[in-house]
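Using the hints provided, position chain B relative to the given structure of chain A.
2 protein chains.
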Amino acid sequence: MFTHFDNRLIGDLEDRNRTALINSLSGFKNLNLIGTVSQKGQTNLAIFNSLVHIGANPPLMGFISRPDSVEKHTIENIRETGFYTVNHVNKNIFEQAHQTSARYERDRSEFDATGLTAVYKNNFRAPFVQESNIQISLELKEILTVKTNNTLLVIGEIQDLYFLSEILDESGILDIEKGGTIAGSSLDGYHTTELIKRLQYAKP
Amino acid sequence: MFTHFDNRLIGDLEDRNRTALINSLSGFKNLNLIGTVSQKGQTNLAIFNSLVHIGANPPLMGFISRPDSVEKHTIENIRETGFYTVNHVNKNIFEQAHQTSARYERDRSEFDATGLTAVYKNNFRAPFVQESNIQISLELKEILTVKTNNTLLVIGEIQDLYFLSEILDESGILDIEKGGTIAGSSLDGYHTTELIKRLQYAKP
Numbered sequence: 654m655f656t657h658f659d660n661r662l663i664g665d666l667e668d669r670n671r672t673a674l675i676n677s678l679s680g681f682k683n684l685n686l687i688g689t690v691s692q693k694g695q696t697n698l699a700i701f702n703s704l705v706h707i708g709a710n711p712p713l714m715g716f717i718s719r720p721d722s723v724e725k726h727t728i729e730n731i732r733e734t735g736f737y738t739v740n741h742v743n744k745n746i747f748e749q750a751h752q753t754s755a756r757y758e759r760d761r762s763e764f765d766a767t768g769l770t771a772v773y774k775n776n777f778r779a780p781f782v783q784e785s786n787i788q789i790s791l792e793l794k795e796i797l798t799v800k801t802n803n804t805l806l807v808i809g810e811i812q813d814l815y816f817l818s819e820i821l822d823e824s825g826i827l828d829i830e831k832g833g834t835i836a837g838s839s840l841d842g843y844h845t846t847e848l849i850k851r852l853q854y855a856k857p
Numbered sequence: 654m655f656t657h658f659d660n661r662l663i664g665d666l667e668d669r670n671r672t673a674l675i676n677s678l679s680g681f682k683n684l685n686l687i688g689t690v691s692q693k694g695q696t697n698l699a700i701f702n703s704l705v706h707i708g709a710n711p712p713l714m715g716f717i718s719r720p721d722s723v724e725k726h727t728i729e730n731i732r733e734t735g736f737y738t739v740n741h742v743n744k745n746i747f748e749q750a751h752q753t754s755a756r757y758e759r760d761r762s763e764f765d766a767t768g769l770t771a772v773y774k775n776n777f778r779a780p781f782v783q784e785s786n787i788q789i790s791l792e793l794k795e796i797l798t799v800k801t802n803n804t805l806l807v808i809g810e811i812q813d814l815y816f817l818s819e820i821l822d823e824s825g826i827l828d829i830e831k832g833g834t835i836a837g838s839s840l841d842g843y844h845t846t847e848l849i850k851r852l853q854y855a856k857p
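Taken in order, these protein sequences are the chains called A and B. For the first sequence, the numbering used here assigns the number 654 to the initial residue and increments by one for each residue that follows. For the second sequence, the numbering used here assigns the number 654 to the initial residue and increments by one for each residue that follows.
If we strip away everything but chain A, and leave its shape as in the complex, we get (with noise of 0.2 Å):
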């Protein structure tokens, strides 16, 4: 049996509700937390949960942050040097993860906070994650707003991947499962995966 909840329904709900709610409608989610630095050399890291991807030539992913929320200091931190880095987060790290969303104070470090440990590799200027075993430096495109409330979706460029040698499969992807790769759910819940097929490309 169906329940129907309509739009005034919806708005009529107590906001955390509203939130969890509509955080639970887009399915799975990707997990991965953000490494930026200041100008004044101060770093910072952020779980996302919104990574999608833009283009594959040249490499583009974006990601949706909210200017008003925690989020903030990572995009402050973009603007001001145009680079960051994307890491997946995995089994072993998603607590630490989690944590990372918590208000702490702009001079705090979030891996400072969370005991994750920055990493720098080839002169790049944002800081990696070196728990996660999927790492991408990105180099910021452009920022579009979304007029209805200023959300951002933030767009770069790949410039280095760095991955666990064994998790490149045969076929040429990266075996995000075998990495350990985790999936979220609305704002709280995490989830390993159990691969049951991939498919052919699909002809009419």
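Hints were generated in silico from the structure; no laboratory data involved. Mixed in with the good hints, there may be bad ones.
Since copy identity is lost for identical chains, a pair holds within one copy or between any two.
[Unchecked claim] 20 Å max Cα-Cα, derived SDA-like pairs, lysine to any residue:
{"id": "1", "residue 1": "Lys794", "residue 2": "Leu805"}
{"id": "2", "residue 1": "Lys850", "residue 2": "Gly833"}
{"id": "3", "residue 1": "Lys725", "residue 2": "Lys800"}
{"id": "4", "residue 1": "Lys744", "residue 2": "Thr770"}
Predicted model only: the values in this text are computed from it and were never measured.
Only chain B this time, still in chain A's reference frame:
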């Protein structure tokens, strides 16, 4: 041990390999069927893996669409009518859902081609997928264009939500794992999930 691919190596990959690789980098993806209808009454159904939460009040969702791809019929219909549905893909229908990505002609409905059932509810203009356990109707609010490669971010406001009654949990969210919703990887992987844990709201 880590392997390093730099921007130049990625750029030198064969097109199809690069597309598959880059699509594997954003982590696990949601899988949703978007249902639309043209002005003339021709239905369309297409699988998307890029739904993002945009806001809870008003309740907004976005998705990414490539204008030059098989996804273009979906965008054309949304522009014509202003309405569409989002339907979670579950483990019973993932093969049919994948098949909607084939390049069918404009006058061929993917509902007919795949055997999924179009259902209309409460006079909403676009069709839902009857076999989906979480069905959402949306009204178009805005479309943003990524300058770098003309990819679109399509944003809609949630109008109605239909879900299997038993999956609304005591905290007020939909238990999407219980609803059979699955996760995707790269362009061809389909995965079930298993909850590790739900975590408390994080505080410093």
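Do the hints match the structure? See the list:
1. Within a single copy, Lys794 and Leu805 get their C-alpha atoms as close as 13 Å, and across copies as close as 15 Å, so both meet the 20 Å cut-off.
2. When the C-alpha separation of Lys850 and Gly833 is checked against a cutoff of 20 Å, the pair qualifies both within a copy, at 17 Å, and between copies, at 15 Å.
3. For a Cα distance limit of 20 Å, the shortest separation of Lys725 from Lys800 inside one copy, 18 Å, qualifies, whereas the shortest one across copies, 23 Å, does not.
4. Only within a single protomer do Lys744 and Thr770 lie at most 20 Å apart by alpha-carbon distance; the minimum there is 16 Å, versus 37 Å between protomers.
The structure is consistent with each of the numbered hints, conforming to all of them.
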